[in-house]
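Peer 1: Chains as they are written, first to last, in this note's numbering: chain B, 1 to 116; chain W, 117 to 225.
Since the hints were derived computationally from the structure, they do not count as laboratory data. A few of these clues could be false.
[Claimed, not checked] Keeping only pairs whose Cα atoms sit at most 27 Å apart, straight-line, the calculated DSS-like set for lysine-lysine is: (1) Lys217/W - Lys64/B; (2) Lys55/B - Lys212/W; (3) Lys66/B - Lys125/W.
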Amino acid sequence: GAVVSQHPSRVICKSGTSVKIECRSLDFQATTMFWYRQFPKQSLMLMATSNEGSKATYEQGVEKDKFLINHASLTLSTLTVTSAHPEDSSFYICSATPGLGYNEQFFGPGTRLTVL
Amino acid sequence: AQRVTQPEKLLSVFKGAPVELKCNYSYSGSPELFWYVQYSRQRLQLLLRHISRESIKGFTADLNKGETSFHLKKPFAQEEDSAMYYCALTQGGSEKLVFGKGTKLTVNP
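Start from the sequences and build out the full structure, keeping to the hints where you can.
Peer 2: Okay, structure coming up:
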């Protein structure tokens, strides 16, 4: 089956620093990647939709300057949390879909971000 | 706006008992409905989708447009079914998933 990886799996950083999270589709080309945020014991909240070679589309209420998304190739999307603060601490999950009418999303294992 | 409601946060049954996880949606168009499952310490994965009309791991789900429901059922629950279950929908050809809040199923021995 299709595999999506995320790196790192865990990251701890100081307040004010920036953190980059990578999402890779390992065995398929992903025309679209999605970034979600999951708070403890809550559902996944879609943050943004990322298409290769174009600007990401952010959901309402998500600060695009805070959460920078780059989809540089058909197998890689990155999420950079800029000037991180403790309230940004969360579980970030990416997913990818091959597109072309096949809209199943394949999920990464997630990245636990802790901002001190 | 589209919404997915899973009324039960927690559901506990005994092994061998039937289980039903409820999901209701609100959407004016023709959505595509999904059930995703997340086992302990594992990633989210697709369990089934309504257009496939198939049974996976003994689970089935029927889309009821009149009641706007997509309940997940299994006649005989197994301990390995214990997991977090999320109902989700996509809208009219879009790839964006809207998730419910999830139901944690515990199957007791």
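Peer 1: Next, verify each hint and record whether it holds.
Peer 2: Hint check:
1. Lys217/W - Lys64/B: 25 Å, holds
2. Lys55/B - Lys212/W: Answer holds: Lys55/B to Lys212/W is near 16 Å, not above 27 Å.
3. Lys66/B - Lys125/W: Violated. Lys66/B to Lys125/W sits at ~31 Å, over the 27 Å cutoff.
In terms of the numbered hints stated before, the structure departs from hint 3 and from no other.
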